[in-house]
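Student: Generate coordinates for the entire structure from the input sequences, incorporating the hints supplied.
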Amino acid sequence: TKLEAVLSIGTHVIPHPRKVETGGEDAFFVGGDGGGVFAIADGVSGWAEKNVNPALFSRELMANSSTFIKDEEVSQDPQILLMKAHAATSSIGSATVIVAMLEKTGTLKIASVGDCGLKVIRKGQVMFSTCPQEHYFDCPYQLSSEAIGQTSQDALVCTVNLMEGDMIVSGSDGFFDNIFDQEILGVINESLGTDEAAKALAELARKHSVDVTFDSPYSMEARSRGFDVPWWKKLLGAKLVGGKMDDITVIVAQVKTVVIPDDEGSGVELEKVGGEQLAAAGVASTEQNE
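Numbering of the sequence shown is given in the UniProt record's numbering, commencing with residue 1 and proceeding in unit increments.
For the record, the hints were derived by calculation from the structure and aren't laboratory data.
What you were told as hints is all true, and nothing was included just to trick you.
In the PhoX-like style, the derived pairs of lysine-lysine whose C-alpha atoms are separated by at most 25 angstroms in a straight line are:
no., residue 1, residue 2
1, 104, 70
2, 244, 233
3, 207, 19
4, 2, 109
5, 123, 104
6, 119, 256
7, 104, 2
8, 70, 256
9, 244, 207
10, 123, 256
11, 104, 256
12, 244, 199
13, 123, 199
14, 119, 199
15, 119, 109
16, 84, 70
17, 234, 244
18, 119, 104
19, 50, 19
20, 119, 207
21, 109, 256
22, 239, 207
23, 104, 84
24, 244, 119
25, 109, 123
26, 70, 109
27, 19, 199
28, 2, 70
29, 84, 109
30, 244, 50
31, 256, 199
32, 244, 19
33, 256, 2
Derived CB-CB ranges, DEER-like:
no., residue 1, residue 2, range
34, 234, 48, 31 to 41 angstroms
35, 237, 210, 18 to 28 angstroms
36, 196, 148, 37 to 47 angstroms
37, 256, 48, 35 to 45 angstroms
38, 229, 156, 27 to 37 angstroms
From the three backbone atoms N, C-alpha and C, an ideal C-beta is built for every residue, glycine too.
Tutor: Right, here's the structure in full:
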């Protein structure tokens, strides 16, 4: 017999309050290849001003990722997966994206373009965090249908060696802009499973996002970059605060060890793709949770 690492994965999506009807512009997929794989794409909303639906690019990118994960060339390389999925995406638009793959040995491989994020929690502490990539404040790196965008070559690529019991928390910027590490740790410590944790985290971030008095990570970052209320409001003691309303996608994964008898192959059979368009293509769509 041998031991193999696998991910137990939970997901939760809460669209922007004004985008509930359409399901928002975030998309994701979860698969059982290797020890488990997941990805999140956040469609760049500025395309709506050009009469382009920003959700189409992110959803197609995730649908293509769920297809190409079966490709031999990809073989546990998230950067190659991004390259192939991006090349196959024909929709107009752009998206930030993160892909994480767990090898059966316990090695997590990550490729990220832009400001989707991922943290690894071990024994109640954040022991790893990705860093966002941006051109300037609120303008992240993005994979695009246009030549001016970034490519998979621009991705931040990381490898983290995981242990049984480690928790992974990944999300779109709508999640990380509205929640602090200590709050994430608190929810993870209290949650029973990955689905429950993902739901609780998304709901807490959502609560903060619509709270105009909450001093969010987004507001703190904006102030540190020189954005603030007008000088005359500062004289009255005011400062720029508030959550940031956005689509919120959260994926929580726990590393588990399974015993594999010598005569059996392995692979966790699960696959979910988030984004309504994909349901028509015969791939499971997640429920949109309000």
